[in-house]
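Q: Chains as they are written, first to last, in the numbering used here: chain A, 1 to 341; chain B, 1001 to 1190.
Source of the hints: derived by calculation from the structure; they are not laboratory data.
None of these values were measured; they are calculated from a predicted model.
A few of these clues could be false.
[Unchecked claim] Have a look at the derived ranges for each label pair, beta carbon to beta carbon:
no.	chain 1	residue 1	chain 2	residue 2	range
1	A	18	B	1140	27 to 35 angstroms
2	A	182	B	1158	13 to 21 angstroms
3	A	29	B	1092	17 to 25 angstroms
4	B	1169	A	213	46 to 54 angstroms
5	B	1035	A	334	37 to 45 angstroms
Beta carbons are placed, not taken as given, at the ideal position from N, Cα and C, and that holds for glycine.
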Amino acid sequence: MTDDLDLLRAFRADQALPPSPAGRAAARRARDARIGRARPSRARGRRPLMAFGLAAATAAAAAIAITTGVDSGRVAPAPAAAREALARAAQAAEHASGYSVPRDDQYFYVHSEGRNLSTAVANGGSYSLLERRDRRVWLSVGHESILHTHTVGEPEFLTPKDRSEAQRIGGLSQSGGNPPETLGRQKWLVGSRTFTGAELRAYDPSPKELYDDLLSRVGSAGSSPTAEVFVLITDALREQPATPALRATFFRALAYVPGLEFGGATKDRMGRAGVAITYTENQTRHELIFDPDTSQVLSERDVIVKPFSGIRAKAGQVIGDVVYLERKVVDSAPAQGLTAP
Amino acid sequence: MAAVIATLPLSGPSDADVIATSLSDPQAFGEIFDRHHDAIHAWLRRRVGAALAEELAADTFVRAFDARARYALLYADARPWLYGIAANLARRHHRSEERRLRAYARSGIEVAGDPIEAVADRVDARAESRAIAAALAGLKPRDRDALLLFAWADLSYEDIASATGVPVGTVRSRIHRARAQVRADLEMTP
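Pulled out of the complex, with its shape left as it was, chain A reads as follows (with noise of 0.2 angstroms):
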């Protein structure tokens, strides 16, 4: 039998259509005349992107081997080494305490600082730079969220040669701080799927469920299916909240994610100790640090694998990090009078 939906599917489907040549062309010139006279911004992303940094050319980055992973072809299950470093961090986030998904009236509260690429193209140059923003969001599903970010510091060139096309192009501006932002009310989430609180602690699924579950539903998205249940995996680990039982199964599923390679031993920016695990794609290293003694995920960084067009970076250079300083529930947020967008 025909339901309402598909009768509703079918109505005016044949008026579906494309624009006409002309109706698209002037769509263009619309978008073209506004991109012409946008002037580059500063990302402002609400996600704590990774940020990229200057390679400050640490010892510890130095440390850490460069590895092909997917990006050359090879795609190997996780190393030994990487997965007895996810085994044990998953045995120690079982017993972690501190981790916990907050009640609906409370906040999941977490505070990094990370250091984002911008570049700027204009009068036939462009120049990069790292941006060093404190960051402290308040995530909750019954209240506001909050998000308060603000610039730390002088912008870092990525070399010389940066510096100088910024004092020729000029455009340089800090950015600051912003106003506080609410966020709405949180769904919180593992890849797509969408969990209440309640659901969330009921959450608990084996690693390699978790890992199928996540790799069905990536869709197109990211540079290849495995690389996004990568960066999906370390979503969760970032601002989401889980009980002991689902951290400790993030990490397990990390294990099966093909490409995955063992960093070894590092520090992070903060001089924290820990371990890498690293995945590789479109020429660029992406680490994840943790203690695995602790299970906390202390740091992530961004290494150039291979040098690329658009940015002045050699291969091995850091381009970019975020430290995390606290994760923990709390029961207030500093809404100070702020209002919903």
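The hints should help you fit chain B onto chain A, whose structure is shown.
A: The following block gives chain B in isolation, referenced to the frame of chain A:
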């Protein structure tokens, strides 16, 4: 993780990656237009007719471009965001949309005024289609938005919540209410 790199030759960046890139390289935003303009246009055309659809689809991407710094990069797929902008624009024309639907409900003749197609010849005598048109015309604009984002744009409840800025529970109730009205109108059709 989204790369905020202007000219990185990515093979398959997500919409969020492209939008992040466009913050420093505005030209990159053209990729978002190329990916989604036709679909947005088709959805608008179905709702408001050919002439207005072209104007609103173009306006959707201009507004999206202006608002890209506020895009929540958590969401790899920009379609809900774009449909949300398009729905807001279409809502300003809800009275003409309703007039058009009611005219069709009465006569079975599309009066959208498409100069290219002989739409007046496409008399759809199916009573249920006319009943659907009557039901859609009678919906509250926000209920109609939710239902048509679900049925015609294939967005999930969660995506519609993101597109329209309301909790997913509200989306569920809006779609439930709208479908109930459509079903009621169908049952009333002789």
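Q: All hints are to be evaluated individually against the structure, with a verdict given for each.
A: Going through the hints against the structure:
no.: 1; hint: A:18 <-> B:1140: 27 to 35 angstroms; result: holds (30 angstroms)
no.: 2; hint: A:182 <-> B:1158: 13 to 21 angstroms; result: holds (19 angstroms)
no.: 3; hint: A:29 <-> B:1092: 17 to 25 angstroms; result: holds (22 angstroms)
no.: 4; hint: B:1169 <-> A:213: 46 to 54 angstroms; result: violated (23 angstroms)
no.: 5; hint: B:1035 <-> A:334: 37 to 45 angstroms; result: holds (38 angstroms)
Of the numbered hints stated above, the single one contradicted by the structure is hint 4.
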